[in-house]
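Those protein sequences? They're chains A and B, same order as listed.
Letter by letter, the first sequence follows residues 1 to 386 of this note's numbering.
Letter by letter, the second sequence follows residues 1001 to 1301 of this note's numbering.
Everything labelled a hint here was simulated from the structure, so no lab data went into it.
The structure displayed is predicted, hence computed values, not measured ones.
For glycine and all other residues, C-beta sits at the position ideal for the given N, C-alpha and C.
Check before you lean on any hint, since a few could be wrong.
Only part of the chain A face toward chain B is listed, based on derived beta-carbon distances under 8 Å [what the hints assert, rightly or not]:
id: 1; residue: ARG376
id: 2; residue: TYR377
id: 3; residue: SER378
id: 4; residue: GLY379
id: 5; residue: PRO380
id: 6; residue: ASP381
id: 7; residue: TYR382
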Amino acid sequence: MSAGTACRPLPPAPFPAPPKAPADVTGPAAPPRAARALSRALVSHGSAWWEGLYSRYARRYAQLVSMPTAPATAKEHALADAVASEATLRRFLQGLPGVDAVGLEARAAALGTRSIKTTAKAYAIDLAISMIDLTTLEGADTPGKVRALGAKAVNPDPTDRSTPRTAAVCVYPDMVATAKAAVAGTDVKVASVATAFPAGRAALDVKLGDVREAVAAGADEIDMVIDRGAFLAGHHMKVYEEIRAVKEASGSARLKVIFETGELSTYDNIRRASWIGMLAGADFIKTSTGKVGVNATPANTLLMLEAVRDFRAATGVQVGVKPAGGIRTSKDAIKFLVLVNETVGEDWLDNHWFRFGASSLLNDLLMQRQKLATGRYSGPDYVTVD
Amino acid sequence: MSERTERLSVFKTYKLYVGGKFPRSESGRVYEVTDGKNGDWLANAPLSSRKDGRDAVVAARKAFGGWSGATAYNRGQVLYRVAEMLEGRREQFVREVADAEGIGRSKAAAVVDAAIDRWVWYAGWTDKIAQVAGGANPVAGPFFNLSTPEPTGVVTVLAPQESSFLGLVSVIAPVIASGNTVVVIASERAPLPALSLGEVLATSDLPGGVVNILSGKAAEIAPSLAAHQDVNGIDLTGTAADLGLAKQLEIAAADNLKRVRRPRAAEDFTADPGTDRLTYFLETKTVWHPTGSLGASGSSY
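Using the sequences and the hints, build the whole thing.
Okay, here's the thing in structure tokens:
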């Protein structure tokens, strides 16, 4: 019973799931644009009055709005009003249903018990390899190491050319040019962490400079960290505005927003952070930097998958998910793929929408792949050591 | 109502010893172990699966760096500590060996004493084997030429079927004394002394994963271990009575050029073991070092 609570779509407060067919709509049929204008008018009135109307309005509003075709940012989609001000954002976030922690963990654990064998396992292993953001984020990174990483991303198993490529390599901004050259001519993307990764403790200018440098060097994707200090202090709008600014600075690069779930303390906070990130226009929401004690867990990834599912239901915008850190074995990776399939379905089972941030995971996947191909258990002597 | 209450018997759950922990078989299976004389039920032992074997190899590989990198002196101390711990649980092993092999108490006591002495004997060898198996080689050039023995790596051992304890100790101790780590498949018919040995090893400073003990059917577990690309050697002692299996394992082991020790007929584990087993899983590393100016100046050295 408790398990069901965790994975059910969000209950209809404050914004319910997708609009029904127009025939089901009761009440005045105002067009969405008018509804939005109305909402702005409401916001401009006193807050007490607004609060009285708020929930009633919210219920009606969601049925009136039609599914946007391809909105780019929160400004255009159905939840635009939630980010109208600090107060509306807080009210929106606090209106999100609380997370049933026991149910969530039970659900994540239950989905981890699926037995994936033979052809399904082979498919899952190849899919997982194709979803990896092969990562090196060390102070000791050298151009040589980044080139080696690029070569491995392009050709993970030199003994078997049928091995799929990884989705991307993930490096620090100053290594983007080197990485770009290493994967040139392939479809492997270059992702760069930015915004004073991993702590995110720097002035906005510095963070934006970090992002622009990475984009100028050719990064296809930007992995930013949110300001956890501001989030925990309750300055949600600051976090939102910062993500917006980074999104703008990223230009055409896809933006992954790292929440560092291990530092957010509660599942409720992870859900709220997910919604802030998605409202601000994140293309991906990502669990962790890999630099703190608690990284991606099945439970927090499940929670974020539920968030992107509900967000698409409410706005029509699909957002990707990237668990990162601590995923080391094929078994773990396959458990995450089961979570994806069972929570958001096949739409996300593609490296455009789901990624693993990992480095040692790839070797384990390759060893499992070799086992399936040859029938013999493989060993670390038969994969490259990065 | 009876005045006297019977004490309920406390049965022991025998478990595997893998990576310093005591897991049940991943498969959840067990099989019945009976005593060596009347065939009475003794206990249920885990029936290991191939996956247990793989987990054991992972644990052994993980432990290899630390164990092979430890000083020979330190390894000797740890092995001696194992003998000390065995001495303290002597009674338990006498009982288990007597049950397992269907022999009398006094005979079993002699077997256990011999096994403890064997640990001590191999403990003494750890820092001496390098001098015996290695040394300086005379070469026709101005070089120092030195050979040193190094451990082979992860070794799978099929323990003898009949000698459930002395035989077991005689095949494990020499392999780990030189710095290898080991995955041992205990005697299928009499695995209980081996599983209890795990409890001794866990409490005697031996790093987890250096010795991993599996019970079950060798015919089921051994083929995947013989073919395993991350196992460097295999000792087929336990297949002495099944040469068909031995041949099959030897073929599987050829793939990554494992060092294979073939089974020998009727091995007597009470005899002086010599250094044969000690030197079997060693690789020789030879270093050539120029003598430099000594050679250039015409010195004979």
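Q. In ascending order, which of the hints set out earlier in this document are inconsistent with the structure?
A. Violated hints: none at all, because every hint is consistent with the structure.
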